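**Student:** Listed below are the residues making up each chain.
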Amino acid sequence: MLQIENLRVYYGQRLVVDNSSLQVEPGQVVALIGPNGAGKTSLVRAISGVTPIHSGTVRFGQTDLTGLTAPQRARILAVVPQVSFVGGAYTVAQAVMMGRTAHMSWLGHPSEKDQEQVADAMAATCTDILADRRIAELSGGEQQRVMLARALAQQTPLLVLDEPTNHLDLQHQSTILSLVREQCRLRKLAVLMVLHDLNLVSLFADQAALLVAGRMVRFGTPGDVLTAETIGSAYQTDLDVIAHPHTNRPIILQKDHLE
Amino acid sequence: MSDRNQKLPPFSVNLGVLLVALVLNIAIGAVFIPPDTLLRIVLSRLPFMEIAADWPAHYEAILLSIRLPHAILILMTGAALGSSGAAYQGLFRNPLADPYLIGVASGAGLGAVAALTLSWPQSLIGFYLIPISAFIGAVLTVLVVYNLARVGNLVPLTTLILAGVAVGAFTSAVTSFLMLNDNEQVHRAISFLLGGSPMAGWNPVLAALPYMLLGMGALSLLGHPLNLLQFGEEQAKQMGLPVELAKTVIIVVASITTAVAVSFSGVIGFVGLVVPHIIRMVWGPDYRRLIPLSILLGASTLLAADLVARWVMAPRVLPVGIVTAMIGAPFFLWILRRAKAEVFW
Numbered sequence: 065m066l067q068i069e070n071l072r073v074y075y076g077q078r079l080v081v082d083n084s085s086l087q088v089e090p091g092q093v094v095a096l097i098g099p100n101g102a103g104k105t106s107l108v109r110a111i112s113g114v115t116p117i118h119s120g121t122v123r124f125g126q127t128d129l130t131g132l133t134a135p136q137r138a139r140i141l142a143v144v145p146q147v148s149f150v151g152g153a154y155t156v157a158q159a160v161m162m163g164r165t166a167h168m169s170w171l172g173h174p175s176e177k178d179q180e181q182v183a184d185a186m187a188a189t190c191t192d193i194l195a196d197r198r199i200a201e202l203s204g205g206e207q208q209r210v211m212l213a214r215a216l217a218q219q220t221p222l223l224v225l226d227e228p229t230n231h232l233d234l235q236h237q238s239t240i241l242s243l244v245r246e247q248c249r250l251r252k253l254a255v256l257m258v259l260h261d262l263n264l265v266s267l268f269a270d271q272a273a274l275l276v277a278g279r280m281v282r283f284g285t286p287g288d289v290l291t292a293e294t295i296g297s298a299y300q301t302d303l304d305v306i307a308h309p310h311t312n313r314p315i316i317l318q319k320d321h322l323e
Numbered sequence: 018m019s020d021r022n023q024k025l026p027p028f029s030v031n032l033g034v035l036l037v038a039l040v041l042n043i044a045i046g047a048v049f050i051p052p053d054t055l056l057r058i059v060l061s062r063l064p065f066m067e068i069a070a071d072w073p074a075h076y077e078a079i080l081l082s083i084r085l086p087h088a089i090l091i092l093m094t095g096a097a098l099g100s101s102g103a104a105y106q107g108l109f110r111n112p113l114a115d116p117y118l119i120g121v122a123s124g125a126g127l128g129a130v131a132a133l134t135l136s137w138p139q140s141l142i143g144f145y146l147i148p149i150s151a152f153i154g155a156v157l158t159v160l161v162v163y164n165l166a167r168v169g170n171l172v173p174l175t176t177l178i179l180a181g182v183a184v185g186a187f188t189s190a191v192t193s194f195l196m197l198n199d200n201e202q203v204h205r206a207i208s209f210l211l212g213g214s215p216m217a218g219w220n221p222v223l224a225a226l227p228y229m230l231l232g233m234g235a236l237s238l239l240g241h242p243l244n245l246l247q248f249g250e251e252q253a254k255q256m257g258l259p260v261e262l263a264k265t266v267i268i269v270v271a272s273i274t275t276a277v278a279v280s281f282s283g284v285i286g287f288v289g290l291v292v293p294h295i296i297r298m299v300w301g302p303d304y305r306r307l308i309p310l311s312i313l314l315g316a317s318t319l320l321a322a323d324l325v326a327r328w329v330m331a332p333r334v335l336p337v338g339i340v341t342a343m344i345g346a347p348f349f350l351w352i353l354r355r356a357k358a359e360v361f362w
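Note that the protein sequences, when read in sequence, are chains V and P.
Residue 65 is where the first sequence starts when you use the numbering used here, and the numbers rise one by one after that.
Residue 18 is where the second sequence starts when you use the numbering used here, and the numbers rise one by one after that.
Everything labelled a hint here was simulated from the structure, so no lab data went into it.
Just a sample of chain V residues kept apart from chain P, beta carbon distances all over 10 Å, derived:
| hint | residue |
| --- | --- |
| 1 | Asn70 |
| 2 | Ala183 |
| 3 | Phe283 |
| 4 | Val305 |
Beta-carbon label-pair distances, calculated as ranges:
| hint | chain 1 | residue 1 | chain 2 | residue 2 | range |
| --- | --- | --- | --- | --- | --- |
| 5 | P | Val191 | V | Gln300 | 53 to 61 Å |
| 6 | V | Arg78 | P | Ile352 | 45 to 53 Å |
| 7 | V | His231 | P | Leu165 | 33 to 41 Å |
| 8 | V | Glu201 | P | Pro227 | 42 to 50 Å |
| 9 | P | Leu60 | V | Ser203 | 55 to 63 Å |
| 10 | P | Asn111 | V | Gln67 | 35 to 43 Å |
| 11 | V | Arg313 | P | Leu171 | 39 to 47 Å |
| 12 | V | Lys177 | P | Phe28 | 26 to 34 Å |
These figures come from a predicted structure and were not determined experimentally.
A virtual CB, placed ideally from N, CA and C, is assigned to each residue, including glycine.
Just chain P, with the same shape it has in the complex (with noise of 0.2 Å):
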């Protein structure tokens, strides 16, 4: 199948976007470390690699135990809200669609705070206390909503857009509930809701990397089924498609890819809503590459968005939530000008 743009190859173009923003956000900090030695300490790494280490001693440490874990938490982050948002905005055929529709934003917030400002017993209280009850809190809201939604056998759409705001706002209410109540933790928790606080270190990496490969994997599978639902779930249905089975394999896949990213790194809006319109404007609908290249640009958006969160303030981080709103709502504007006059939703 053809599709217009053939000016610009999509996979290479994405990917060396990519190469750059992950070399960039890992090089530049408070300290520089220039591209060639980044390579060459992680090439080190590797067995079989005889290179001699010309470098001072704290690069290694700074590289291998700061940067790169945390560059990874953001390329993988980046990457799920991208492509679940190209899923979300293709089940509801609705433009304005992203991965926090049905409730994933509001329920992980929601648990993240309850985590931070309710008294835990002793025991409960460790590294993974935060992440893991933002992701019940994110999968428990994304349940009831599609249960609240559903009418025996069918889920409409409309019902559980409807069904995932009502519940969001009922979350989120008890959310800013919970933060008033609690002083100390406001700022840690606000933190949390802007996309602030991506956890440190390998061990978040490890943790959500199997979800991450396994949900963008199965994403980048379904985009045949995504591509049939844009003609509306009668037409699907009428050329093959399982309509059902679609919708709740795709609202499960993308519901816990978000909800993973989430967890580790805080709500970071704009980019799963964002990400997946400029793809559609270059490259077109067809969700078989939408799904792969949104992953990719994804990666890429949250990085740059990283880097400029780390450095418009430093020594100070902002919340990377923030910067994503701020830089890429008018970048988005810019593109939507240029490209109004084509069809490309």
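Bound-form chain V, shown alone (with noise of 0.2 Å):
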């Protein structure tokens, strides 16, 4: 199980992360959401070891994320990037091998382990179709499915995605998300995800974590986090909850500005 706690970060001599706790268990789920500028990323990176942690704990069960090498944390955290365009020259079998990094010898020779790791990793997004392309050459979801496969090869019980769905069209935002929930609960992960539509958070996620102003102001299950009043001052916003037709699962309407 994931464990923060307490956690605090600065971002030069400006407080971005502030005193905030939250669990995720093997196996499920949890949305990360909050205004714009409320520490998401900041805590993403924090955890993944990118920026320092001022005070606060990270563990993965028994062991303190905060104290470990580059190789070590990458055996227990990956992390699925945004969607970017560095790194596009490569082809999409050589950037998911790279996942294989914290498993392998620094001169990057891959064993027959990695190979099949990087084989079930790819099999798994249907990127195997794709290995032979260039990333620079795909379209946002396939490149989203690339970097989801690099993460699946590292191997690791906890899976941090940050806005996976970022310039995703309606079709590609449920395809990754699918694929996320899917591999969650067939690897028993442990995933933390920063999203940006809270109504995919309902459709998605087994718990949310409500971030504003560093601050966590909410964790629970979408039905308790995304209520009108709590999401309404959160973001600053009106607007109303409805059921989704189907399922009852809140749904987060913004108001009419065309009445």
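Assembly of the complex is requested from the two constituent chains, each provided in isolation within its own frame, with the hints serving as guidance.
**Tutor:** So this is what it looks like as structure tokens:
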């Protein structure tokens, strides 16, 4: 289980994550939500070791993640970054193999097991048919699946995604999130993902953690967190919450400005 | 891992090209030595080889004490520039990066020109004054740039480039000042700055060889960290690379390799910029083979350019830096236009 307790993170002089706590169980998808600038990406960067932690603890099981070296941490936690065009000249197979870095020597020569894990991750994300294509030639949805494959190949018990649906259309949003859920259940992964679209949170997450101005103001099931009152005050917007016609899950509607 | 371009086997092609360039570079000159004679002279020097000397006696002297050491120094210089150029481009993720980006060339230039123009105590003046002084200038400049860019334990790459440009401008200004104040040495100084003064004989080859082998050997093993860095420092770290350590090792190894090359051969431009791009366009971005292939193609390129530099205005010898830029630039543009539809960077 991932346990974040009383986490404080500074960006320069500015406090960006303030005394926040949350837990993610294996086999569970937790969505991290909150307005722009609330500290969601800072939290992801802090637990993945990119920015230093000021105080608090980040544990996975018995392991304190804050004290680990980069290769040690990369065997516990994999990150799916936002869609971007970096590394575009590499082929899909090459990029996914780089996810095995923490399991290889620094020469980067893959073993048979590395090859198997890569093939497995690519099959799971339907990126095996793209193996020899260059990343820059792919669509946003395909690129995001490649990044997911790379993170799965890392074979970590903990998976963190930073806005995986950014810039994706409806179909690809649902494809990538279904894949994440499926792998979460199958591999018993603890999944923490930053999501902007609150309706996707309602449809794909087991728990939601609401961060406002660096503070964790609510942590619970989407039904508990996604209320007109809580979300309305967190985002400072008038909105309505209705029930999904088939499943009764909360669906958030913006105020109609054409009325 | 497969890359698309399997039509041209990378290592055999580049080794073949290097062999041809090496043989031509040694064979052609004021006296033409046929390649087969060349081979037999070299073989006759090996133990247990009984080969009758049926060639003119002066061939052996020309080959063994002039052409061969010169070709090997040029080969090592080109190899060093090609591989450190590839490493710098990978480190900075910038297609404009070359081995001189963070001050090696301007520092070496200042060192060499200072050695030429300042009055030194008689005891210090010797055969190695210029290369040693150039090497010290190069390493000191990179150290200054590195420390100016460092913030605590981190070395932000953008700051490193900017500090390199600023310090480079300063050292170049001092170099120009020294040259203007000394009319006697200005020709030799310009020659060094254009790569027109590779040192002659076996001594510089033997002096440079260990550093070159170590430097290029180490660069060849840094391909995987460089691959990871192409996805940005943040992702590289999340995939398990100790990023700051990797960056420091790459900077130190590439800078020392370049500094040794420049100290013995002068500042030769363009090879370190263009060679890695050509490899990348044909065989893809995988640094695990991009670096070794840049070693081979860098060596071939400079051997060819050196041949042109010695031949085009014979018996005068052009600074090889002029040739690399004059022939290299149009050639590179031609390749670039052919490859522009492909994503290579």
